Structure formats: C-alpha cells, structure tokens
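*Asks:* Sequence:
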Amino acid sequence: MAVDFNDWLKRREEAYRRFVEDIEIGYVDRDIVDFVKLVFSKKRIFTSSSCSGRIVVVDALYPWLREEAYILFKKHSPIKPSEISGIVEKKPLYRYWLVVSGPIIHFNLLSLEDVQRLLNVLRICGFKHSGVISISSSGIVVEAVSGVWTPFLLRDGEYIAVNDLSHIVEVANGILVEGKNRLDRLFKAFKELEI
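Numbering (the UniProt record's numbering), first residue to last: 1 to 195.
Any given hint could be a false lead.
As the list claims (entries may be wrong) - Distance windows between CB atoms, simulated:
1) S82 / E14: 36 to 44 Å
2) P78 / I160: 32 to 40 Å
3) L112 / S82: 43 to 51 Å
4) K191 / Y70: 35 to 43 Å
What the hints assert, rightly or not - Keeping only pairs whose Cα atoms sit at most 35 Å apart, straight-line, the calculated DSBU-like set for lysine-lysine is:
5) K75 / K90
6) K75 / K91
7) K74 / K10
8) K74 / K37
9) K74 / K42
10) K188 / K75
11) K10 / K188
12) K91 / K74
13) K90 / K43
14) K43 / K10
15) K43 / K80
16) K75 / K191
17) K10 / K80
18) K75 / K43
19) K90 / K37
The set of hints was computed from the structure by calculation and includes no laboratory data. This structure is a prediction, so every number in the text was calculated from the model and none was measured. Idealized CB from N, CA, C, for every residue including glycine.
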C-alpha cells in the first residue's frame with residue numbers, strides 16, 4: 001500500500017500544530033521537547049505522540065488496566081518519597097501501584113526504507129521492543145518502546161505492601177533514569193539520521 005503524500009503531509013502539519021499548542025499550555029512532557037523538535041526538522045518523519053518516561057501511582061486491581069483504574073500521581077522526573085507517602089497512607093479502592101515506564105514514541109513515516117533505517121537506530125539505542133503497528137495511505141506508524149516498565153505494589157486494601165518507601169522510590173528513580181538515558185542516546189543518533 002502506497003502512502004498518500006498529501007494526506008501524510010496534512011497529518012504532519014496537524015501533529016506539529018498540536019505539539020506547539022501543547023507546549024504553550026504546558027501539556028508537553030518537557031524532557032522530550034527538544035527530541036520532538038529534532039524529529040520535526042526531518043523531512044520524511046514526524047511524531048504523533050511521545051513520552052520521555054514517567055512514574056505514576058495508580059489505583060487499580062492490576063497495574064496494566066486502563067478502565068477502572070485511577071491515576072493518583074504522575075511525574076516525568078525523579079520523585080521523592082514525600083510526594084507519594086500521603087497516598088499510601090489512605091486505603092485504596094483496589095490496590096495502589098507505583099509504575100515506572102520508559103519512553104514511548106509514535107513515529108509516522110513515508111516509506112518502508114525509512115522505517116528500516118529508524119528501526120535499526122531504535123534497536124541500537126535500546127528500544128528493542130519497537131515495531132510497525134500500522135500501515136495505511138496516511139503513513140507507516142512505528143511505536144518506539146524501550147521495554148522499561150516496572151510495577152511495584154504499594155498497598156492492597158488494609159495491607160501496606162512496602163516497608164521501605166524510600167528504597168522503592170530510589171529503585172523507581174533509577175529505572176526512570178535508565179529509560180531517559182536511552183532517549184538521550186536516541187536523540188544523539190537522530191541528529192545523524194538521514195530520514
């Protein structure tokens with residue numbers, strides 16, 4: 001299936017407009033702004049969504065659930081135990097999970113040749129779980145995933161599952177930083193990428 005250049009270009013322009021608006025209102029993850037700007041400086045690629053990695057506390061039966069899950073805390077940078085200790089003290093509806101996730105970026109490209117170049121760079125930079133998720137006339141979508149995703153059970157009903165919140169936060173921050181290091185490697189590699 002061939003990509004319709006005009007449709008692709010229209011989507012690219014719309015994605016860039018949304019990106020600029022999101023910066024203005026403070027919605028964009030600050031740690032990924034320079035990378036997204038770099039991507040938009042390339043001719044045959046753009047991003048439709050991006051996250052540099054984050055730490056969330058969610059109230060859910062299981063940490064991967066979306067429905068019947070409530071995000072209580074979210075931050076794209078390292079955290080302090082004091083930022084979440086108040087949450088852990090209260091009884092959850094389901095369970096409190098602290099979830100650390102690495103960067104995730106959705107790219108839209110014009111050609112399979114460019115997709116191959118991108119996937120090679122992604123794998124070298126530690127995004128080994130990346131791949132094509134959609135091919136249509138409006139572009140080829142690649143999801144870049146670092147594979148960094150770790151849940152910690154904090155509380156299950158009355159049972160407080162963590163004895164040392166400071167240690168959990170220290171480990172979570174280390175995981176977050178590892179994901180951001182992969183994004184830094186990708187940023188450096190993207191500067192050289194002809195796409």
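*Asks:* With the threshold set at 35 Å, check whether the alpha-carbon distance from K90 to K43 stays at or below it.
*Replies:* violated, 50 Å
*Asks:* Does the hinted range 35 to 43 Å hold for K191 and Y70 at CB?
*Replies:* holds, 40 Å
*Asks:* With a cut-off of 35 Å on the C-alpha distance, tell me whether K74 and K42 pass.
*Replies:* Roughly 31 Å between the alpha carbons, so the hint for K74 and K42 holds.
*Asks:* Just to be careful, I want the Cα atoms of K91 and K74 compared with a cutoff of 35 Å; is the pair within it?
*Replies:* Holds - the C-alpha atoms of K74 and K91 are around 19 Å apart, at most 35 Å.
*Asks:* Take a look at whether the Cβ-Cβ distance between L112 and S82 falls inside 43 to 51 Å.
*Replies:* 49 Å Cβ-Cβ, so the 43 to 51 Å window holds.
*Asks:* K90 and K37: Cα distance at most 35 Å?
*Replies:* violated, 41 Å
*Asks:* Need the status of pair K75, K43: alpha-carbon distance at most 35 Å?
*Replies:* Answer holds: K75 to K43 is near 32 Å, not above 35 Å.
*Asks:* Compare the distance between the alpha carbons of K75 and K91 with 35 Å, and conclude whether the hinted pair is satisfied.
*Replies:* holds, 22 Å
*Asks:* Starting from K74, check that the Cα of K37 is at most 35 Å away, please.
*Replies:* Holds: K74 and K37 sit about 24 Å apart, inside 35 Å.
*Asks:* Verify the proposed pairing of K75 with K191, using a straight-line Cα cut of 35 Å.
*Replies:* holds, 27 Å
*Asks:* Hinted pair, alpha-carbon criterion (35 Å max): K43, K10. Please report holds or violated.
*Replies:* Within the cut-off at roughly 13 Å; holds.
*Asks:* What's the verdict on K10 and K80, does the C-alpha distance respect the 35 Å limit or exceed it?
*Replies:* Violated, at about 42 Å.
Violation of the numbered hints given earlier is confined to hints 2, 13, 15, 17 and 19; the remaining hints are satisfied by the structure.
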